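Enquirer: Whole structure, please, built from the sequences with the hints as guidance.
These protein sequence lines map, in sequence, to chains A and B.
Numbering of the first sequence is given in this note's numbering, commencing with residue 1 and proceeding in unit increments.
Numbering of the second sequence is given in this note's numbering, commencing with residue 1 and proceeding in unit increments.
In short, the hints are calculated from the structure, not lab data.
Keep in mind the model is a prediction, meaning the values are calculated, not measured.
For each residue, glycine too, the CB sits at the ideal point set by N, CA and C.
Accuracy of the hints is not assured; some may be wrong.
To be verified - Footprint (simulated), chain A over chain B, 3 or more residues, beta carbon under 8 Å:
(1) 97 to 103
(2) 110 to 119
(3) 245 to 251
(4) 256 to 270
As the list claims (entries may be wrong) - So, partial list: chain A residues that the calculated Cβ filter (under 7 Å) puts toward chain B:
(5) Phe-86
(6) Gln-106
(7) Asn-137
(8) Gly-140
(9) Asp-163
(10) Asp-164
(11) Pro-189
(12) Gly-193
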Amino acid sequence: MARITFLEAIMQAQQEEMQRDDSVFIMGEDVRCNVFGTTTGFVDAFGAERVRDTPISENGFIGAAGGAAMVGMRPIVDATISSFLFPAMDQICSIIAKSRYIYGGQARLPLVIRSCLFYGNSNAAQHSDRPYPMFMNMPGLKIIAPSCASDMKGLLKAAVRSDDPVLSFEDSTCWMAKDEVPEGEHVIPLGKGDIKREGTDITIIGVAGGVNVALKAAKALEAEGISAEVIDPRTLVPLDRELILQSVRKTGRAICVDPAHMTCSAASEISATIVENAFDALRAPVLRVTTPDTHLPFSPHIEKPLYPSVERIVDAARKVMGAKQTQPA
Amino acid sequence: MTTTGENDPRLEKYRRMQRIRQFEAKAEKIHADGEIPGALHTYAGMEASGVGACMALRDDDYMVGTHRSHGHPIAKGAKLRPLMAELLGKKTGVCSGKGGSMHLSDFSMGSLGETSIVGSGGPVAAGAALGAKLQGLDRVALCFFGDGASSEGAIHEGMNLAAVWSLPAIFVCENNRFGMSTPTSDAVAGENVADRAHGYGIPGVIVDGQDVDAVEAAVREAVDRARGGKGPTLIETKTYRYGDHAVNMGRELTPRGPEHDEWVKRDPITIYRQRLIEAGVAEDDLDAIDKAVADDVADALQFARDSAYPVFEEAFDHVFVDRLPIPAEVQAHA
Numbered sequence: 001m002a003r004i005t006f007l008e009a010i011m012q013a014q015q016e017e018m019q020r021d022d023s024v025f026i027m028g029e030d031v032r033c034n035v036f037g038t039t040t041g042f043v044d045a046f047g048a049e050r051v052r053d054t055p056i057s058e059n060g061f062i063g064a065a066g067g068a069a070m071v072g073m074r075p076i077v078d079a080t081i082s083s084f085l086f087p088a089m090d091q092i093c094s095i096i097a098k099s100r101y102i103y104g105g106q107a108r109l110p111l112v113i114r115s116c117l118f119y120g121n122s123n124a125a126q127h128s129d130r131p132y133p134m135f136m137n138m139p140g141l142k143i144i145a146p147s148c149a150s151d152m153k154g155l156l157k158a159a160v161r162s163d164d165p166v167l168s169f170e171d172s173t174c175w176m177a178k179d180e181v182p183e184g185e186h187v188i189p190l191g192k193g194d195i196k197r198e199g200t201d202i203t204i205i206g207v208a209g210g211v212n213v214a215l216k217a218a219k220a221l222e223a224e225g226i227s228a229e230v231i232d233p234r235t236l237v238p239l240d241r242e243l244i245l246q247s248v249r250k251t252g253r254a255i256c257v258d259p260a261h262m263t264c265s266a267a268s269e270i271s272a273t274i275v276e277n278a279f280d281a282l283r284a285p286v287l288r289v290t291t292p293d294t295h296l297p298f299s300p301h302i303e304k305p306l307y308p309s310v311e312r313i314v315d316a317a318r319k320v321m322g323a324k325q326t327q328p329a
Numbered sequence: 001m002t003t004t005g006e007n008d009p010r011l012e013k014y015r016r017m018q019r020i021r022q023f024e025a026k027a028e029k030i031h032a033d034g035e036i037p038g039a040l041h042t043y044a045g046m047e048a049s050g051v052g053a054c055m056a057l058r059d060d061d062y063m064v065g066t067h068r069s070h071g072h073p074i075a076k077g078a079k080l081r082p083l084m085a086e087l088l089g090k091k092t093g094v095c096s097g098k099g100g101s102m103h104l105s106d107f108s109m110g111s112l113g114e115t116s117i118v119g120s121g122g123p124v125a126a127g128a129a130l131g132a133k134l135q136g137l138d139r140v141a142l143c144f145f146g147d148g149a150s151s152e153g154a155i156h157e158g159m160n161l162a163a164v165w166s167l168p169a170i171f172v173c174e175n176n177r178f179g180m181s182t183p184t185s186d187a188v189a190g191e192n193v194a195d196r197a198h199g200y201g202i203p204g205v206i207v208d209g210q211d212v213d214a215v216e217a218a219v220r221e222a223v224d225r226a227r228g229g230k231g232p233t234l235i236e237t238k239t240y241r242y243g244d245h246a247v248n249m250g251r252e253l254t255p256r257g258p259e260h261d262e263w264v265k266r267d268p269i270t271i272y273r274q275r276l277i278e279a280g281v282a283e284d285d286l287d288a289i290d291k292a293v294a295d296d297v298a299d300a301l302q303f304a305r306d307s308a309y310p311v312f313e314e315a316f317d318h319v320f321v322d323r324l325p326i327p328a329e330v331q332a333h334a
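Expert: Have a look at this one:
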């Protein structure tokens with residue numbers, strides 16, 4: 001165990017998987033110059049063939065990663081900022097997500113597409129997207145969205161080893177946070193959520209960096225005598241619905257915290273899952289704490305209040321705790 | 001199954017073109033009768049383009065194609081039974097009934113997809129070529145695309161990647177003069193798609209797409225170049241599609257001018273048959289190939305008709321490696 005940052009966890013996972021398997025290689029925008037610090041020393045260690053700078057050509061190089069995967073490679077694509085996935089929607093949705101299916105299982109696409117959620121730092125609307133819900137609506141793509149360094153490393157290693165395409169959404173609000181991370185073989189199976197904090201009165205399900213805000217809110221609620229359980233699904237596809245439902249059946253109350261825009265967010269899917277499957281257990285409406293359906297402005301003064309905050313979660317929790325117990329007829 | 005012609009590459013070229021022509025003629029007929037669901041985009045008139053290109057490839061070379069997908073797999077040597085079964089939506093189809101007419105891709109023949117999003121094969125071919133290069137294999141990847149796809153960014157991005165990384169890729173633009181109903185002259189700037197090769201610093205070659213030997217020679221040179229580590233080539237085959245964008249639609253979409261009759265007179269199979277006869281091949285041998293191909297097509301259709309449809313649960317296979325759970329409320333009504 002060592003205390004390392006989220007970014008160092010990404011680097012460690014990539015390094016270990018490249019050492020373990022020659023078919024793993026990295027391609028993406030400015031990976032040799034190590035723009036975000038996840039490929040430090042990689043060119044020296046693995047050579048420029050396996051640490052490959054691409055043209056600014058997202059549809060081209062993400063599709064090429066798909067082609068390389070089809071012939072037996074295991075590419076890790078670094079698309080840097082998740083807003084840059086939009087030019088590549090064609091290859092992600094029509095080729096990478098669908099080739100196994102449309103060709104009746106003949107194609108295999110073991111690749112990882114990494115990109116960060118680059119919100120909250122005055123980068124304006126075109127660089128601040130949290131687009132994982134769009135991809136949750138596209139079958140054929142597995143999606144990880146970890147909230148801490150340890151999960152990041154374990155899930156990224158699992159993603160590299162998966163024979164299905166995996167999108168890794170890496171929340172930049174988590175980048176510098178340190179965490180105890182096991183060295184070497186630390187692999188977390190895709191589709192397995194985690195209870196980050198146990199509680200009895202209310203379940204707060206967090207998505208990506210939303211987990212950390214939820215944990216802070218849980219602490220604040222404790223002072224008010226409210227015991228919150230915090231669940232991190234970690235993987236959005238497949239989603240660990242059972243873990244969420246178990247918790248809600250225990251607490252009877254749920255809030256979904258998600259930095260994505262509200263409409264059709266991961267929070268929306270989780271809320272619907274709860275209402276459809278645990279309605280009898282609910283003692284209050286399920287609430288979503290998300291980013292409203294407006295774009296993200298440049299000016300920090302008006303950007304910051306748009307994201308889920310401790311205050312908004314605490315408010316939601318008070319509302320839910322105060323709700324009259326309603327029993328289905 | 002016939003083996004006629006397999007040992008003589010000239011007869012094999014003729015045989016493969018006949019297989020495409022006759023396979024599609026049968027498909028078009030039973031599609032009109034309602035036996036094939038969905039749309040049917042035929043390749044008739046373009047056989048020399050696909051067969052010429054594929055004759056220059058090895059079995060283990062990669063190929064990516066288009067929504068006009070019947071010709072490419074047959075050109076590369078695929079068996080007809082799984083292709084016909086796929087058209088009928090059967091479980092024994094090459095894509096297990098998941099792809100249909102626009103996606104006849106036989107991975108056992110080196111295919112990496114016949115993709116129906118126009119231009120989307122470009123990056124895939126570049127990636128397959130990259131994979132082969134990284135693995136130290138001397139395989140090449142060939143990308144078929146149409147004149148319509150030449151306007152797509154994906155084709156440009158694929159060619160730029162292949163050129164900048166000097167990948168073993170061949171881009172074959174099958175210019176059949178129409179993107180659905182729109183004439184190429186209304187959609188493609190510049191006289192030739194192949195001229196764009198200069199922009200990438202790679203060779204651009206224009207070839208008579210109705211002459212199977214000419215196409216083969218051009219692609220063979222590009223393949224040698226690619227295998228020799230000298231990077232990609234862009235080849236434009238000037239060809240013509242006889243059928244409408246998709247057949248049996250009830251109304252003609254493609255505007256036909258006076259040049260239509262001229263193109264049909266330059267039928268690629270007729271041209272090649274005549275050439276073989278002039279070179280001393282007995283007409284009887286060619287007739288025997290025609291007959292054997294007809295038998296193969298009939299056999300494929302019988303096989304397809306005798307095959308079962310997929311069961312409902314299979315709709316949930318192949319999304320991921322593991323079958324998806326089937327929602328109970330959907331299952332109840334399936």
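Enquirer: Run every hint past the structure and note whether it holds.
Expert: Cross-check of the supplied hints:
Coverage of the segment 97 to 103 of chain B by chain A holds in this model, with 4 residues showing a Cβ closer than 8 Å to a Cβ of that chain against a need of three. With 4 residues having a Cβ less than 8 Å from any Cβ of chain A, the segment 110 to 119 of chain B passes the three-residue criterion, so the hint holds. Judged by the Cβ-Cβ criterion of 8 Å, the segment 245 to 251 of chain B is not covered by chain A as claimed, because only 0 of its residues qualify and three are needed. Chain A is given as covering the segment 256 to 270 of chain B, and this is violated because 0 residues of the stretch bring a CB closer than 8 Å to a CB of that chain, at least three being needed.
With a least beta-carbon distance of about 13 Å to chain B, the hint placing Phe-86 of chain A at the interface is violated under the 7 Å criterion. Because the smallest distance between the Cβ of Gln-106 of chain A and any Cβ of chain B comes to about 4 Å, under 7 Å, the interface hint for this residue holds. For Asn-137 of chain A, the interface hint is violated, since its Cβ never comes within 7 Å of a Cβ in chain B; the closest pair sits about 13 Å apart. Restraint check, Gly-140 of chain A versus chain B: the minimum CB separation of about 5 Å is within 7 Å; hint holds.
The closest approach between the C-beta of Asp-163 of chain A and any C-beta of chain B is roughly 5 Å, which is under the 7 Å cut-off, so the hint is satisfied. For Asp-164 of chain A, the interface hint holds, the least distance from its beta-carbon to any beta-carbon of chain B being 5 Å, beneath 7 Å. Against a cut-off of 7 Å between C-beta atoms, the interface hint on Pro-189 of chain A is violated, since the closest Cβ of chain B lies about 12 Å away. Interface restraint check: Gly-193 of chain A against chain B, minimum CB-CB distance 17 Å, threshold 7 Å, status violated.
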